[in-house]
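Chains as they are written, first to last, in numbering that gives the first Met the number 0: chain D, 0 to 353; chain B, 0 to 333; chain L, 0 to 278.
There may be inaccurate statements among the hints.
Incomplete in silico selection of chain B near chain D, CB under 7 angstroms [what the hints assert, rightly or not]:
1. 7
2. 127
3. 135
4. 138
5. 139
6. 141
7. 145
8. 146
9. 244
10. 257
11. 269
12. 303
Each pair of labels, with its calculated beta carbon distance range [stated by the list, open to error]:
13. 90(L) to 262(D): 53 to 61 angstroms
14. 244(B) to 215(D): 47 to 55 angstroms
15. 37(L) to 294(D): 52 to 60 angstroms
16. 280(D) to 61(B): 27 to 35 angstroms
17. 163(D) to 150(L): 23 to 31 angstroms
18. 182(B) to 174(L): 37 to 45 angstroms
19. 297(D) to 104(B): 24 to 32 angstroms
20. 215(D) to 185(B): 47 to 55 angstroms
If you are wondering where the hints come from, they were derived from the structure by calculation, not from laboratory data.
We put the CB at the ideal spot given by N, CA and C, even for glycine.
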Amino acid sequence: MLYRENGQFKSTYASDQQMLPILQDRVFMLGLVAFAFLVVPFVVSDYVFLSLVIPFLILALAALGLNLLVGYCGQISIGHAAFMAVGAYAAYNLALRVPQLNFLVVLVLAGLIAAAVGMVFGIPSLRIKGLYLAVATLAAQFFMDWLFARVKWFTNYAHSGSVQTAPLDLFGWVVDTPARKYLFLLSILIVFTLIAKNLVRGHIGRAWMAMRDMDVAAEVIGIRPVYAKLTAFAISSFFVGVAGALWGFVHLGSWEPLAFNLTLSLNLLFMVIIGGMGSLLGSYFGAAFIVILPIVLNQVPAFLGVPISTSMASHLEFMIFGALIVFFLIVEPHGLARLWAIGKEKLRLWPFPH
Amino acid sequence: MIRQNGPFLALCAVLLVGLILPLATGATAVGFYVEVLLGGLMAGVLYSLVALGFALIFKASGVFNFAQGAMVLFAALAVARLAESMPLWAAIVISIAIMIVLAWLIERLVLRPLVNQEAIALFMATLGVTFFIDGLGQTIWGSDIYAIELGIPKEPVMVLQGLFQGGILVNKEDFVAAVVAAALVVGLALFFQKTPTGRALRAVADDHQAAQSIGIPLNRMWVIVWSVAGIVALVAGVIWGSKLGVQFSLSQVALKALPVVILGGFTSVPGAIIGGLIIGVGEKMAEVFLGPVLVRAFDLAGGGIENWFAFMLALLFLLVRPQGLFGEKHIDRV
Amino acid sequence: MSTPLYDEARRVQEARAAAGRPPIGDVVLAVENVSLSFGGVRALQDVSFSVREHEVRAIIGPNGAGKSSMLNVINGVYHPQAGTIRVLGRTTHDMKPHEAALLGVARTFQNLALFKGMSVLDNILTGRNLRMHSSILAQALRIGPALKEEIAHREVVEGIIDFLEIQAYRKTAVGQLPYGLQKRVDLARALAMEPKVLLLDEPMAGMNMEEKQDMCRFILDINDQFGTTIVLIEHDMSVVMDISDRVVVLDYGAKIGDGTPDEVRANQAVIDAYLGVSH
Numbered sequence: 000m001l002y003r004e005n006g007q008f009k010s011t012y013a014s015d016q017q018m019l020p021i022l023q024d025r026v027f028m029l030g031l032v033a034f035a036f037l038v039v040p041f042v043v044s045d046y047v048f049l050s051l052v053i054p055f056l057i058l059a060l061a062a063l064g065l066n067l068l069v070g071y072c073g074q075i076s077i078g079h080a081a082f083m084a085v086g087a088y089a090a091y092n093l094a095l096r097v098p099q100l101n102f103l104v105v106l107v108l109a110g111l112i113a114a115a116v117g118m119v120f121g122i123p124s125l126r127i128k129g130l131y132l133a134v135a136t137l138a139a140q141f142f143m144d145w146l147f148a149r150v151k152w153f154t155n156y157a158h159s160g161s162v163q164t165a166p167l168d169l170f171g172w173v174v175d176t177p178a179r180k181y182l183f184l185l186s187i188l189i190v191f192t193l194i195a196k197n198l199v200r201g202h203i204g205r206a207w208m209a210m211r212d213m214d215v216a217a218e219v220i221g222i223r224p225v226y227a228k229l230t231a232f233a234i235s236s237f238f239v240g241v242a243g244a245l246w247g248f249v250h251l252g253s254w255e256p257l258a259f260n261l262t263l264s265l266n267l268l269f270m271v272i273i274g275g276m277g278s279l280l281g282s283y284f285g286a287a288f289i290v291i292l293p294i295v296l297n298q299v300p301a302f303l304g305v306p307i308s309t310s311m312a313s314h315l316e317f318m319i320f321g322a323l324i325v326f327f328l329i330v331e332p333h334g335l336a337r338l339w340a341i342g343k344e345k346l347r348l349w350p351f352p353h
Numbered sequence: 000m001i002r003q004n005g006p007f008l009a010l011c012a013v014l015l016v017g018l019i020l021p022l023a024t025g026a027t028a029v030g031f032y033v034e035v036l037l038g039g040l041m042a043g044v045l046y047s048l049v050a051l052g053f054a055l056i057f058k059a060s061g062v063f064n065f066a067q068g069a070m071v072l073f074a075a076l077a078v079a080r081l082a083e084s085m086p087l088w089a090a091i092v093i094s095i096a097i098m099i100v101l102a103w104l105i106e107r108l109v110l111r112p113l114v115n116q117e118a119i120a121l122f123m124a125t126l127g128v129t130f131f132i133d134g135l136g137q138t139i140w141g142s143d144i145y146a147i148e149l150g151i152p153k154e155p156v157m158v159l160q161g162l163f164q165g166g167i168l169v170n171k172e173d174f175v176a177a178v179v180a181a182a183l184v185v186g187l188a189l190f191f192q193k194t195p196t197g198r199a200l201r202a203v204a205d206d207h208q209a210a211q212s213i214g215i216p217l218n219r220m221w222v223i224v225w226s227v228a229g230i231v232a233l234v235a236g237v238i239w240g241s242k243l244g245v246q247f248s249l250s251q252v253a254l255k256a257l258p259v260v261i262l263g264g265f266t267s268v269p270g271a272i273i274g275g276l277i278i279g280v281g282e283k284m285a286e287v288f289l290g291p292v293l294v295r296a297f298d299l300a301g302g303g304i305e306n307w308f309a310f311m312l313a314l315l316f317l318l319v320r321p322q323g324l325f326g327e328k329h330i331d332r333v
Numbered sequence: 000m001s002t003p004l005y006d007e008a009r010r011v012q013e014a015r016a017a018a019g020r021p022p023i024g025d026v027v028l029a030v031e032n033v034s035l036s037f038g039g040v041r042a043l044q045d046v047s048f049s050v051r052e053h054e055v056r057a058i059i060g061p062n063g064a065g066k067s068s069m070l071n072v073i074n075g076v077y078h079p080q081a082g083t084i085r086v087l088g089r090t091t092h093d094m095k096p097h098e099a100a101l102l103g104v105a106r107t108f109q110n111l112a113l114f115k116g117m118s119v120l121d122n123i124l125t126g127r128n129l130r131m132h133s134s135i136l137a138q139a140l141r142i143g144p145a146l147k148e149e150i151a152h153r154e155v156v157e158g159i160i161d162f163l164e165i166q167a168y169r170k171t172a173v174g175q176l177p178y179g180l181q182k183r184v185d186l187a188r189a190l191a192m193e194p195k196v197l198l199l200d201e202p203m204a205g206m207n208m209e210e211k212q213d214m215c216r217f218i219l220d221i222n223d224q225f226g227t228t229i230v231l232i233e234h235d236m237s238v239v240m241d242i243s244d245r246v247v248v249l250d251y252g253a254k255i256g257d258g259t260p261d262e263v264r265a266n267q268a269v270i271d272a273y274l275g276v277s278h
């Protein structure tokens, strides 16, 4: 009854094409953003910030990037954590060797470097697709793993191979408390979400989706496959590179090369699959799911009075992940986002049956 | 015409990797070179064993089974742990039964519901199966390092002392592995070519619907092929586990079998073998001869070339010859 | 002067003038000695014909005659082993499909190649992609030129939607539409490219009488209003006779007839092919 579009007529194309055409959605979204900025920093504990919210925000950004490539453009990548690593190490080296740069500039530059590398490793997608492309992206993963572990320049010749970062200083506002980290990351995530939404609404987004749905037909109507695929890789890697830099600087503080390994790549892919391929909202759902599940698995057995060791919990986590992937692929290949959309549809009718 | 080119290309690849690479980077001691070559061949045989499982499943059901590595680990864990309380042969027999049950479960719960989906959805489902089997294996059997005692002496043997100065170190275990792998390949080739079930499996791989229309029971075929792949995984797991110890990293190492099938061609059993040998030799050569060169040139912290060499080689093949050495070229009809 | 070709051209022009349609111009598409095989299968054998500007050219023939392959060769999806295509000023034998699109050749598909993950509106908008040039940055921020471009092209697409009478379905996912409407969306997407040459692959397959009449009307309107040259593959003979200016007949990959509908109808070889007389 509340969620009805009756009476909301659009008289210009611009208003019809806006991001949130339904008034209730706009109100809800603005309320959510206001709540996130004004209420959350004061009511959430530091522990929850550090263990749940901050990883969620950064992984949501990475999932957003991966979704653009896998969900919207239909190109599989199981090595995307490699580009997070590129972003992280690029940011580290820029911050180290050009200390005058403001961190926001470093972030953008790191993203651009990751975009360039992503584009290079996207070149195979011009000749191969599907499973073959998946294996090619593994090459990126293992090569980057090796590169950052062995080429000492990247870690500034550190003995242990790990790097350390200092808290960020943005025009005097130091990002050291969890609440500040949260606000910083939230702002970045919102900006990037808007960018992603605009790209998906624009002609590049349609080109990507056309390539995904039927690449031969897409070429026939004039979409250049090279341009579509490489821009998908580049922009996706830009998002993911920025996420990697944030992961290293804001979340981890210090990291070793294996922080961006195959497991992280697969986790990103799972976020996209479970959350919903081809849906920006789905990236958020998927990230939330992946972040919350280990915590739940740790707490629930203790809750029920059945204690399990942490290693057992991590094995169970693996099993549940695997089972859920298969479950979602069978039952709802469009993931949690589709379930959400179905819920909204029902909400439009509520309380009437039809 | 493509099939005629395959063996020639294979020969070129082997020559390139086996001869030119070490010569280009300065291999002077021939004896040492032969040792590395043999070591590479032996490692390659192990890769081939895992790749065989991939190729089998793809050949017969068109599914690219990312979970093959996890199956290797699972089977190895089963054998290792069961052998702690019963004779080895009994452990192996029970593990075979377990793998068959696993195959049946995978077919029933994962493959059948996804039967009409695109290949990429099936691949991602096998990703899920990988995680599940990894977790299951470690939940049931534990996550320590376990040993498998095959009863083969582990000390290397010095051979051909007359031919090469100082002789060449050969590992008896590796030798046994090579023989077993060869026997398995011959057995499987015969199975596919000569038996009615093998022919039925090839028909299924070619065209599911056509095979069904002549009365081949699709589901049973898939259970058979996944069981066979499971048994191959078991053999690979036992041999590899006895050599390296059964541990979680086994399933990661098995990932390397992916480049092997790319090199060999997804649908080719001989391709899996030759691809495995090429990757095994290439890796070892790159690590031993190319590695020090790179370390000196770029001031690297250690080698580790073999972590990515196989995948880069596969990438090269994907750009130049996606169907691999012996695979079939895929034509997109509009 | 009175040669067979001149007589034929004059007859066609008179028929069109009588119907009030624009006159036919010069050759815009020429297929010259094209041969195409897949492995051992000969799809096309030394086929040559021409298509003139503003005309409606039908390609007919029994099943498996190579008609779809012919269209695929014209817009670069298949590359012939022999022969060339001369289209809109360019002579080629290995053109890529998007190059054909840039030249001004559009097509619809026999089995519908719609983008199932998008709405009707978005599907048709993809047809405008080759005319949308705003940069990635402008699109990301959706400012100035990107926004204006989106709205301008949306207007063009709405015009096409009005033209093909599918206004009620513009936000529906294409997968949910009935077959006849999906065919119209396919056509709309091709029209959105503002093509000079439109290749239609069995546009009326699977339609009932009323839908066929609608589609005929649309095709003739496209030819009249936009002056688009139309090459269509069609099985329904009454449609072919009614709306086409000239007809090419293929059988087993070879051309067995070429002329006005009346001439082709009287051609013995064509009759034999359709009746299945062995030769």
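When the hints from earlier in the document are held up against this structure, which numbers fail?
-> Going through the list in order, the structure violates hints 1, 5, 6, 7, 8, 9, 11, 17, 18, 20 and respects the others.
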